[in-house]
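Chain residues, written in single-letter form:
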Amino acid sequence: MSEMPLTIDQSRASVPSDQPGLANDPGATPASSGAEKSGAVLTARRWTAVMVPLLILSAALLLICLQFGTQWIGLGRVIDIVSAVVREWSVESEQIGTTGVILMQVRLPRLLLGLLVGACLASVGVVLQALLRNPLADPYVLGVSSGAALGVALAILLGIGSTFLALSVLPLCGFAGGLLSLVVVYRMAVSYGRLPIHSLLLAGVILNSIFSALIMFITSIMEPNRSAGTMTWLMGTLTAPSYPALAILTCYLLGGLFLLLKQARKLNVLTLGEESARSLGIETERVKRQVYLLSALITGAVVSVSGMIGFVGMVIPHAVRLMLGADHRLLLPASALVGGMYLMAADTLARTLLSPAEIPVGIITALAGGPFFIYLLVWRKDRFA
Amino acid sequence: MSQLPKNADSMIDQAGTGAAASRRAYEVRSLRFRYHPLSRGAANWVLDEVTFDIQAGEILGIVGPNGSGKTSLLKLLAKVLRPHDGAMALFGRDLGAMPQVEVARTVAFVPQESPQVFSFTVMETVLMGRFPHHHGATWSAGFGWESAEDLSIAEQALQYTDLTHLAGRSVMDLSGGERQRCMIARALAQAPQVLLLDEPTAFLDLQHQMEICAIVRRLKEERGLTVVLVSHDLNLASQYCDRILMLKAGALFRLGTPHDVIDVEVLKAVYGCDVLIDRHPESGVPRVTLPQYRATKTVGDRL
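Residue numbers (numbering that gives the first Met the number 0), protein chains in the order written: chain A, 0 to 384; chain B, 0 to 302.
Derived by calculation from the structure, the hints in this document are not laboratory data. Computed from a prediction, not measured in an experiment: that's the story for all the values here. Just to be clear, a hint being listed does not mean it is correct.
[Said to hold, decoys possible] One-sided excerpt, in silico: chain A residues whose CB lies under 8 Å from chain B:
hint	residue
1	Thr249
2	Arg277
3	Ser278
4	Gly324
5	Arg328
Note that the Cβ used here is the ideal one computed from N, Cα and C, for glycine as well.
In isolation and in its complexed conformation, chain A is listed as follows (with noise of 0.2 Å):
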């Protein structure tokens, strides 16, 4: 392999200096680290420069969110009771009194939950904007939420038990549907071995719009107090779990993120376009249906507690990127904690705007999502069209 090694460092010093175009450039003055400390490079003092801002502020974040509710609890009574809860290491009435329960066995849990499944939308978005090649893309283009929440519509209507050991049977349903519809997107989008990415769009809006057909026939045909729940879950609602369930859930995505985060520099090679990716040595289809799959299990789990909410997948990713570069190392971790964020902060708004009612959040993440799409489709196209 290397009988001819070519080191590029021998070359510099004999550069004839007539050369047109090159010859602004005499000096073999290496640059080093010059780009890096311009922000060029990606770094890993550089990353962690932005994470434990980020997780620090994310902690804050859930703290103010903490105080607000029908009931406004300050926030000084917020860190008594949290400490108290540390302290004991138990969350029965009699140590926290009724604010202390509706504290921390109502909203805590699903802040908590908000943080999660923002983190997942968002990286899910990361991650299928990377491989579609496209910042329009989320979750929801390739039909994959539309599936799991079929599934989930599906259970529903059969009456199949909610609970099978203590758990939800309902996150399996979102899995197997959100697996069904990427096989067959797969199946309809596949030719010859690989993934045309044009014909992998169309078949997710096609199947989106079948599977959403079908979701709709299945409310319509649930007892009315059935459908009005279905309903509301369908346009994405957040509700407080319990900790064993926001555990199990909590360990089966932030596993799916970790093995996401493992195809960090393998994303960024991919957005050079696939031949490129190939010709730099990763076996690209492997890498697509990895991370396709991940996708689409991750997505299945989050339709399944919190329906469909819309666009923090694609306003997100988008945002971060904006504001700290491409490179999916940090892309990915970051989006995941902006997204939490973002969620846990679009949850607390759905809970106080009309209190004591409630307005599911995937309203209002649609409200703010969609005009972010639309100003991005009309006066940006021409970054990605």
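Chain A is fixed; fit chain B onto it per the hints.
Structure of chain B alone, referenced to chain A:
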């Protein structure tokens, strides 16, 4: 890639015993390729029974009419596409059996267009060329940071292509010539022995064309890089390539020096039109000029 060709002996690396000058970068034997493997009929072959060698350290230009299979051939050399039949060896190793990442450590490929929809900086883009050299743990390949060596190699690639001052700029804000140089710098960061360029000067103005050509010549002369480039521009190929491979409808029509290939009869046979050929005033290589318009019967027939 199922069977090796008859002269398989020459395909096996003799541990580099041959003189460097006579080493072959590529040996291509009976290469056949079509985009739709299931389609029937001879008409579908994009490349049919193509056999040739590429010497190490030469600049080979691939030319031919539209649809003659130039770009497909280049992508087959890069292992971006897989051949239907035939064999290829890269420095004596069977290309079909080499893992993609090992090919990437030897061969760099620059496609004709490299649109980027995300605002990666020039430096980040060039550093992507270091990807195939991260062959440690899977974690480092998937997430790890660039080493100091990666950074210095990328910075040298930027200097070589005169892009150092743009290192922190988003690739989306570059001009056409700058973007092409950025992609060549990315390829150089791969530290390859072979550079494959698809229409490197398409859409570029005269000055940028000369810049790219100067970079290519320097790479050959200073580093002994083997360069294979696809071009529509016969004059550019004639002036900058050591040898020219002329394709016609997926078959190798002629391979030789510019003097052998850029010939009135050859061009008449391949492109179906008469051209004028004289000498380049400086280098003396053949120069192609289109004749003055005459309402000939040939033109009428073709329309």
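Comparing the hints with the structure gives:
no. : hint   : result
1   : Thr249 : violated, 21 Å
2   : Arg277 : holds, 5 Å
3   : Ser278 : holds, 4 Å
4   : Gly324 : holds, 7 Å
5   : Arg328 : holds, 6 Å
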